[in-house]
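Peer 1: What follows is the residue order along each chain.
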Amino acid sequence: MTTRVQLHNVTFAYRPDQPVLKDICLSVEPATFLAVVGPNGAGKTTLIDLLAGLLEPQEGIVAIDGREIHSYSRRHLAEKVALVRQEHVPVFGFSVAETVLMARIAHVGQWGFERPVDRRTVADALDVTDTAQFASRPLADLSGGERQRVFIARALAQDTPIILLDEPTSFLDLRHQVAIYDLLKSVQREKARTVIAITHDINLAAQYCDQVLLLQPWRAASGDQSHSAPGAGAHYRVGSTHQVFTKSEIESVFGIRVFSASVGSENMFLPLGEMAKDAGRRGPPQPTDLA
Amino acid sequence: MHPFLSPKTLLTRVAAAILLLVLVMVACSFVGTEPISLKAALAGPALSSASPNPDYEILLRVRVPRILLAAIVGAALAGAGVVFQAILRNPLADPYILGVSSGAGLGAMLAVICSVNWTLWGRSPVAVFAFFGALGTVWLVWTIGRITGKFHVTGLLLAGVVVNACFSAVIMFLTSITRSQDVYATVFWLMGNLAEEEAFVLWASGGCVVAGIVALLFLGAQLNVISFGPTDARSMGIHVERVQFVALAISAFITAVAVSLSGLIGFVGLIVPHAVRLVLGPDHRQLLPLSCVAGAIFLIVADTVARWIVAPAQLPVGVITAMAGGPFFLILLIRYNRKVYWLS
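Taken in sequence, the protein lines are chains A and B. Residue numbering for the first sequence is 1 to 291, as defined by our numbering. Residue numbering for the second sequence is 292 to 635, as defined by our numbering.
Think of the hints as simulated: they come from the structure by calculation, not from any bench. Check before you lean on any hint, since a few could be wrong.
To be verified - Anything over 12 Å on all C-beta distances counts as not near chain A; from chain B, calculated:
(1) P326
(2) G427
(3) E489
(4) A602
Unchecked claim - The calculated lysine to any residue pairs, modelled on SDA-like cross-linking and capped at a C-alpha distance of 20 Å, are:
(5) A/K191 <-> A/D65
(6) A/K185 <-> A/T32
(7) A/K185 <-> A/L174
(8) B/K299 <-> A/V108
(9) B/K299 <-> A/R119
(10) B/K299 <-> A/V117
(11) A/K185 <-> A/R175
(12) A/K191 <-> A/V117
(13) B/K299 <-> A/F113
(14) A/K185 <-> A/G239
(15) A/K191 <-> A/Q211
(16) B/K299 <-> A/R115
(17) B/K299 <-> A/D118
(18) A/K277 <-> A/R257
(19) B/K299 <-> A/P116
Beta carbons: idealized from backbone N, C-alpha and C, even for Gly.
Extracted from the complex, chain A is given alone in its bound form (with noise of 0.2 Å):
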């Protein structure tokens, strides 16, 4: 699976003269895994439905192996790109089997039963997300965690090169964010798929992630000629880990101040706000606050 994703000057807009995305470039490599990471209302999840082929954008190409997406037909591009949204219960009782299941969809014909090759490709898909052991289980008797590897299991039974997340772990703890992390790390290195995940936890995406698109709100970006806006005249930043996530980006884009320090070799970021019980008897945060 070498498929490569790539944005080419890409404007969207969901009202005129009110981009959401201006002129975005972006090339993902196959097997990457791609942090989506910037303030609400950057246009985060606007630029996945785009690359899920959900929107059309106003400008640009939006381009998989190099074909644009919207001359693949939807069946076609379902065998490209899967997608896990926010997560949610479904209004009937599928069980876990039966909506990881429902994936194969696009490789199955009308009647929609499934082959040997499909059962085997969803037991592949239960086991590698450890969901296995509650697959005649209804999602909604699932916890959040539970149900978000779920999804993640349908993405994977999907059999596509590319996967994209919106929020995986927004409602998850500690641990199982954790879990999703590795889950989707080992997806990225031993299936070789490329992962698109949109994440408001920096620290993790520093951890797990090779390339990172940060994207900026563009009327902020735009609309403030002396602040620095990132890149040359662009909303958004992108590169590796090291060269996006700084300490001054971080600041300008969130608007926020934050402390900084590094584990490992990634830099990781603490938010510091004005009414924290700390903040009137703290000077400038010190790498020593860490002890």
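Since the structure of chain A is already known, use the hints to place chain B on it.
Peer 2: Chain B alone, transformed into the frame defined by chain A:
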């Protein structure tokens, strides 16, 4: 390993359900105010040239047509109920929710008030007007739903509720200003009645309903995915808008056929899909055919009770479905409590 639905299991279950349906049909043919015997009926249409065979007449001209009609209406309503619940992603949806009921009612009322007295294909003007009133209203609701935009399902539901309320008000207005006895007859008709129908009507409407259900069967797998929401479905390669439109159009059509045959029989389209889902799970590839058969069985039994319980008078079958359907559903709900997910 995992309980996947295989084509073999599905075919076995559908065949078993159809066998049960045939048994119920046969059994109900011999229930009624007049006792009849199979042996006497088999003697043929006429005992002699002068006197017709009463057993044969009752069986073939009264009971069998009515049972077939109940089967057609029950299957159409239950099948449409499954589709409406899946597309609207709402377990409370029924085939009437997008304006079929009030549209049919308004159509029937207009036919009476304007004293239309021609017939179409042997159908009374009330039935014809109800049919087109139902279809026209669904079209109106669909159009309004589209205009309201991206969150199509919510828009559709709201449009359905508003149009239903509006048209119901118009129906009440017309009822109150008209003194005609026919209006009351129409109100009674709308309550849901089954009566003996001519063979041609049975063939034509039965053909339409069966064709519609067969077409819907092709959409079962897609309906499964769509019940997870349009975004998920599109990312899995489904043409969501196309499937939604085709499924709703077919369902509205077979519902309108059912309404023009029998008025508004409630509860079948709501309860039968729920009951089948409770027992056998939500997979639409199985839910759709089995709900159709179960709907047919349910309405045949309900109608048999309706024509027998206060004999020689007859109850509207809609009263029976509502009175029997509620408690029956509650029993299922308690019995299969662990499988009731949408309440959690």
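Peer 1: Against each hint, give a clear statement of whether it holds in the structure.
Peer 2: Taking the hints in turn, this is what the structure says about them:
1. With a least CB separation of 45 Å from chain A, B/P326 remains clear of the 12 Å interface cut-off, as annotated.
2. For B/G427, the non-interface assignment is confirmed: its Cβ lies about 29 Å from the closest Cβ of chain A, beyond the 12 Å cut-off.
3. The non-interface label for B/E489 is consistent with chain A: the shortest C-beta to C-beta separation is roughly 37 Å, beyond 12 Å.
4. A cut-off of 12 Å between C-beta atoms confirms that B/A602 is not in contact with chain A; the least separation is 41 Å.
5. For the hint linking A/K191 to A/D65, the alpha-carbon distance of about 18 Å falls within 20 Å, and the restraint holds.
6. Restraint check for A/K185 and A/T32: the C-alpha separation of about 10 Å stays at or below 20 Å, so the hint holds.
7. For a cut-off of 20 Å, the pair hint linking A/K185 to A/L174 stands: about 16 Å separates their Cα positions.
8. About 17 Å separates the Cα atoms of B/K299 and A/V108, which keeps this hinted pair within 20 Å; it holds.
9. With a C-alpha separation of about 16 Å, the suggested pairing of B/K299 with A/R119 holds against the 20 Å cut-off.
10. Taken as a hint, the B/K299 and A/V117 pair is honoured in the structure, with Cα atoms around 18 Å apart against an allowance of 20 Å.
11. For the hint linking A/K185 to A/R175, the alpha-carbon distance of about 15 Å falls within 20 Å, and the restraint holds.
12. Proximity of A/K191 to A/V117 is assessed by CA-CA distance (about 17 Å); at most 20 Å being required, the pair is judged to hold.
13. At most 20 Å may separate the alpha-carbon atoms for a hinted pair to count; B/K299 and A/F113 meet this at roughly 10 Å.
14. With a CA separation close to 18 Å, the supplied pair A/K185 and A/G239 stays within the 20 Å bound.
15. Under the criterion of a C-alpha separation no larger than 20 Å, the hint pairing A/K191 with A/Q211 is consistent with the structure, at around 18 Å.
16. Among the hinted pairs, B/K299 with A/R115 is consistent with the structure: their alpha-carbon atoms are about 13 Å apart, no more than 20 Å.
17. A hinted pair counts as satisfied when its Cα atoms are at most 20 Å apart, and B/K299 with A/D118 qualifies at roughly 17 Å.
18. The hinted pair formed by A/K277 and A/R257 meets the criterion: a straight-line CA distance of about 15 Å does not exceed 20 Å.
19. For the hint pairing B/K299 with A/P116, the CA-to-CA distance comes to about 14 Å; that is within 20 Å, so the pair holds.
Violated hints for the displayed structure: none, as all numbered hints are satisfied.
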